[in-house]
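The whole structure should be built from the sequences, with the hints applied where relevant.
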Amino acid sequence: MLPTGIHFGTYAGEAKILKTRRAGLWAAALVAGLIALPLASGPYLLGVMTHMFITLMAVYGLYVTVGMAGQINIAQSAFVGIGAFTAAKLSGYGLPVWVIVPAAALVTGAISVLFALPAARVKGFYLALTTLAAQVMFPIVILALPMDWLGGLVGLSVEPVRLGGLTLTTPLHYYYFTLVLAAVLTVAAFNLQRSRFGRSLMAVRDNDVVAEVMGIPVFRTKILAFFAGSLFAGVAGACTAYVLQFVTVSSFTLFASVWYLGMLIVGGAHSALGAVLGVVFITLVQEGLHGVANKVVQAGAATSGGMLFALTSIALGGCILIALIFEPRGLAHRWHVLRTAFQLWPFPRS
Amino acid sequence: KDYVISASADYSGPFADVMPNAMAGINAVADWWNKAVGDKLGVKAQIKIYDMRYDAAVVAKTWPAILSADAPIAHLGFGTPDLVTLMKRLPNDKVPMIMGTAMVGLVWAPDGWHYSIRPTYSHEFAGLFADIQEKSGKKLRIGAISTQNQAGFVDQVNGIKKLAETYPDRFEVVDVQWAETSPVSLSSNLRALSSAGAEILLIGGTTAQVIAAAKAMEELGLSIPIVTSTHNGLYEVAKGIDLAKLNGSYAAFSFAPPARADLPLRDVFEANKKDGSWGLITAQAAAQALLALRMLEKAVAKVGADEVDGEAMRAALLDNVFTEEELLGALPTLDFDDTAPFPIGDIKASAEIVQDGKIVPVGDGWMSVPALEKW
Amino acid sequence: MINLFQILIEGSLVGLVYGLVAISFVVIYRASRIINLAQGEVLVFGALFLWTFTLGAQAAGYPLPLPVGIALTVLGCVGFGLVLERFVFRPLIGQSAFAIFMASVALLILLRGVAQFVWSAETRPAPTILPEGALQVGPFLINTGLLIGGIFTLALMVALQLFFTRSRHGLRLAAVAEDHSTALSLGISVRQAIAVAWILGAVVATFAAMVLLSGRIISLEVAHIGFKALPVALLGGLESIRGAPLAGVMIGVGEALAIAYLDPLTNGAASGILPYVVMIAVLLVRPQGLFGWKKIERL
Amino acid sequence: MGLSLSNVDVVYGGVIQVLRSTNLEVPDGQMVVLLGSNGAGKTTTLRAISGLLHADLGEVTAGRILFDGEDITNGDPATIFRKGIVQVLEGRKVLEHLTVEQNLMVGAHARSDHRAVKTDLERIFGYFPRLPALLRRTAGYLSGGEMQMLLIGRALMARPKLLILDEPSMGLAPILVEQLFEIIGRIKREEGLTVLLVEQNARAAIAQCDYGYVMDGGRIVLHGSREQLENNQDVQEFYLGFSGAEERTSFRDIKHYRRRKRWLG
Amino acid sequence: MHTPSAPAKDVLSADRLCLRFGAVEALKSVSLTVREREIHAVIGPNGAGKSSLLNCLSGFYKPQSGAVRFNGADISALVPHKRAGLGISRTFQGIQTYPSMTARENILTGYHLRMKTGLFSALLYWGRVRAEEEAFARRAEEIIDFLELEERRHEIVGDMSYGLRKRVDLGRALALDPKILIMDEPMAGMSAEEKGDLARFILDIRDGLGIPVVLVEHDMEVVMDISDRITVIDFGQVIACGTPAEIRTNDAVIAAYLGGAQQ
Ligand SMILES: Nc1ncnc2c1ncn2[C@@H]1O[C@H](COP(=O)(O)OP(=O)(O)OP(=O)(O)O)[C@@H](O)[C@H]1O
Ligand SMILES: Nc1ncnc2c1ncn2[C@@H]1O[C@H](COP(=O)(O)OP(=O)(O)OP(=O)(O)O)[C@@H](O)[C@H]1O
Ligand SMILES: CC(C)C[C@H](N)C(=O)O
Ligand SMILES: [Mg+2]
Ligand SMILES: [Mg+2]
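Chains as they are written, first to last, in the working numbering: chain H, -1 to 348; chain S, 616 to 990; chain G, 10 to 308; chain Y, 486 to 750; chain Z, 13 to 275.
A hint or two may mislead.
Okay, the calculated bits of chain Y under chain G, using three or more residues with CB under 8 Å as the criterion [stated by the list, open to error]:
#1 570 to 577
#2 583 to 592
#3 601 to 611
It is worth saying that the hints were derived from the structure and are not from the lab. A virtual CB, placed ideally from N, CA and C, is assigned to each residue, including glycine.
Here is the structure:
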């Protein structure tokens, strides 16, 4: 519930993503900060941020499939991979970027539908198995295809983005490139949340039997959930391809899929904000620990380094556990509660 | 003047077990070189190790930072993830990358900035196979076990197929069996291989595969020599199985066998090490660092102590021949050009064999590798 | 023909090993409703305990008889289970299956780190517990270690099945597997169930490690078997102890046949894909796996 | 002794306060009924007693709950259960995949008197004659009313000292509702069972109870003995369905303008 | 008040439905007709098959034999969401809301079939989509107002009390713009006062909107007061059908169901 003093004159006002003026200002400040960031940061941070934006896109997709529609998917990284290979292949034909990115999204979406079909019957965690199949088949199929299709073992190299006369080459270019796309997808993800389509996904997640009886075509909705989620994965894949300039199957592993899922859950699977918080939180912890460990090794304090990196794993796992124990419904939920408490203080609400 | 040479490590991924020794090798050689050579030239090489977890995504993320923070004059790469993520951009970044692991055929491209002290895995195996074939005089019937979804492992087999294709009267690949990286049992696979008539078994994948193959042979009453590589070599295998059971098996590579009687690099390591112990991977990493340092030496000679950069380093690599002596006996004489990412000309290999439960070098010189076209 | 039977035998024996790992999955789920993605790491822990109390102790100058070593290993598993219950899962009782699932992902990272920290990432030998070599039965060769492992798997399956379905304690665990809140309202200690689940899970995983690694090497990479066993557990049915070995045999045989007959034609792709095709086909017919609890849908 | 709640506050998720200074007492051997409209906090009160708030991220933040002199505030549900407090949850929480028989046996899981368990089973079949026919059925496929019977039977299998029932008559056919309260009354008299009852079928509940509380907005707003409640105007109007007159108003004749009158406070 | 004029025609009818689950025969040839503007109650002992009958009507259960007709057309083969599209809306026994959505979102899902925007327009959320969302938000607010859920419209339904969830359930059913409303035990868990309100709602729905209602309920006072006709089911069979007055005095019904509760 919103605190006293905030009321809406129109339904449109109520449906806004940023409901109050203050929220709008904060968001504007955030965007401005991100735009200005390269002025103040080295390429390492830019690289991390670029990577984080891409991860964010993939996790938005997962938010749609898993968070909104409740269809377990542990193959998101394979779907990102499909997007990446599509983009790489198409870039070879010299297509412009504004064709390639949507095309990568659509191809990924179309392929995901294939793996979504079992969702008609298979439910709950068992669905993990069919998506796991997608993840396992992805490298095998690419490797088994003739070399000149998707590069087989070698992988494909990617032509850099050409926008007008400008060819994007530097990390700075790709920072802005992914920032823009991530911003667009952020708006899209939040839009889904407040639309008819999003509600139908959530209804299917919460109670698919009832949803069917209450007029929501459940099978179609589940398929669309995978399709929509894979659109995001496809864009993330295209960005990966552009940023890495070279795609091979080995970059899209089951472990990465599990990580995507982890970020979503730590952040809170039930809101797009959760995706953002989860990605930021885990990236921060991961990079922070890793950076410190690298520094220590270079300083020669722990010459062989083995122990140190073991400790970073322990700390990372520990951080996630603590986040979960502290707030099993995800950081987004905690954020919500804190905000409510702050606005209502000192009166608990009834 | 200080120059940074950055290095990839894998402390938290699949090669975490060998990493401390590998990095100890690099550090020890760098320390020795700084004292023995650098001081005289007025330069100091500083090694900066980054944990890349053997993960292409981590490499991609970390590399820009290395570039800006350290401006390295060379990078010591580790494994396929470094190769596939960096090889396309190194020419722009103007940083040569020196690998200690062998290449895989899929990065065999001209005009690269990535170079290895070793040729491809397949070249190394081919050197050993040729040696064996020559001694026996008969056509060598090769069987292989590999893993389907690991590009590098598949590539090893492809190279050997190319070898058989090129020299049809000397070699034949009778069968390739696909297995998991940690198989439960390889009995069926070995039965198939033996009925296909394999006389020697190429297992360039994992240590677990080698051990499983040895167990399966014991079970089936077979004894086919196994050829392993460095990352799953005999020292690794020896941790899990009595070496006597592997009598006659090989590890093929192309730097000096760490147990070679007379090996100056080993003495350098032992004298300068802070931690770690001598072994195959230590030798490999030490040799890798040594080549990079020798490049620096030649670059200084060419452009002066203050002007060395990535380009000068690459030029030093391409314009000079590095003698076995300069390389402290760790490597054969190496010559590079821009047609291939590994030494050209007469490529050499080396190997170890298990005899009476002990690992000994095969011969005490280098083996010649038959010429191979790119596959 | 003989060849075909030999393949079937080997496939089933390997499958039973998958089944054994899958049982360790199922045991945890069946007693606590936790899907443990970190099961591979648990297995590695079991293996490392085993090493510590056998070869490790020996190397440190305290040779222990094998049975004592194994007993200590089991004790180690008990401690392991208790620690996990207390510090990880107790605070999560009653939370969504999702949150708990994620905890297992965190555990995956954490346990890997702990193993690396305590034991270091180095590969090490595993003690030889099962006899090596093979048994000649008529024209067939049967791997002794795997055979004993297979028989053990079946015996364990029967015992656990009886425990879960016949004993009063099993009934309690079943209630916890249904729903934490309902179990709590019935005065069932969910904590205890979770502790039991992890102890059993760790012990069974250790047994699996013994069969899998006897006389081989222990490395952190062995944890991959967890992802191999997850589909097997799902195929058998997450709630079903007896489903796991059966599913394992199905996968093992399917894989062996694919390796023998299809891989040569597909350049190795078939054995990787076929098991999954089989699994999806089975799930389309039985969405709850072979013997899992059917999802109850009522209005 | 019995059960007593003194000044209990319950807060969900750290911010949503639901109970405010609730005081309630259930003396040994008595039946106490708790009435209140939707969302008043009845279920929350019961969950606070049996220690089940935790799973919903709720917590007793102030006050004390005593049972037989022992403090069970924010206690562990299993411990509270073993002290003899058994609750039937609302929402038909059967163990879906177990059979009816297994469900009943789970109710008796903490008991060691195996023979008595058998006779109790017979007794429960006596109360709910439909149950024996369903023994082998999977509980999740029962009809709504059948589940309700099973739940009550399961709670009785635990031989509670204090039985807490959350809307036990919900979904039961009229004959059964009537019998249910008779049965509970009988057990209470014969075995000295203490009962805390939340019930919307106020007429039947009040008729059986010794004492009653009315709750609204998280507070107890009214309490009294059976007679007091039966004669209270507000209770009559809101819970018993009389509007002043002797006769019950037909549901067909309830007027549009009649809106909920809220309790003060 | 509602007074039946010309012979009312059948809106929804079930014709000799038989439904088995393994050995359990839930319905043995049950027939039922619901006429225009009628409140038709279905009563019977626990486990008689009432809910199963409703599930057959809304398509969740597929009877082994028999037919369901809606406005004269045979809809037996239609999947549930298609039937909902025809205007067959319902509420459920127990709690069957979407627990992690807010009350208003729950109600808005009911409008799914009336709304048009699909995936891609949802991603953009522009122009027409926005207008449509607003229009339907307004309609949802009418229902919220009707059910007195104003204060709780943005509350997560899973955190609500039992009775409130049942109201949300009803709100969602109304949002389907039903042509017939099927209700399974709507009064369960309501206090006498709330039952009064709900009875009023039901009568309003029928009188104001002119939609017939099928009502399964165990509260005899409500059933006898507001229904026009009652069908009694026992052990999967119809044992009586008639006006409340007829049913009240039917011996078979008293023996099987009402017992002494009925004065
Ligand atoms: N987990 C929860 N989180 C937040 N609020 C909750 C939670 N559970 C209940 N509430 C709120 O607490 C209040 C009381 O709920 P409670 O379930 O105790 O009501 P009740 O009296 O049992 O009502 P009913 O008769 O409808 O069952 C309600 O307003 C409800 O919305
Ligand atoms: N899906 C199912 N599988 C098996 N049996 C079922 C299923 N659905 C209903 N039944 C059985 O069919 C019978 C009728 O159930 P139904 O739910 O229709 O009863 P009901 O008349 O609604 O009873 P109540 O008033 O108690 O809700 C019950 O005995 C029930 O156990
Ligand atoms: C063959 C490869 C998979 C292993 C090797 N260390 C490399 O990455 O280069
Ligand atoms: Mg309640
Ligand atoms: Mg019913």
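Here is what the structure says about each hint:
Using a Cβ-Cβ cut-off of 8 Å, 3 residues of the segment 570 to 577 of chain Y lie near chain G, which meets the minimum of three, so the contact claim holds. Here's how the segment 583 to 592 of chain Y fares: 5 of its residues keep a CB closer than 8 Å to some CB of chain G, so the rule of at least three is met and the hint holds. Under a criterion of three residues with beta carbons nearer than 8 Å to beta carbons of chain G, the stated coverage of the segment 601 to 611 of chain Y fails, only 0 such residues being counted.
This entry does not satisfy hint 3, going by the numbered hints stated previously; all others are met.
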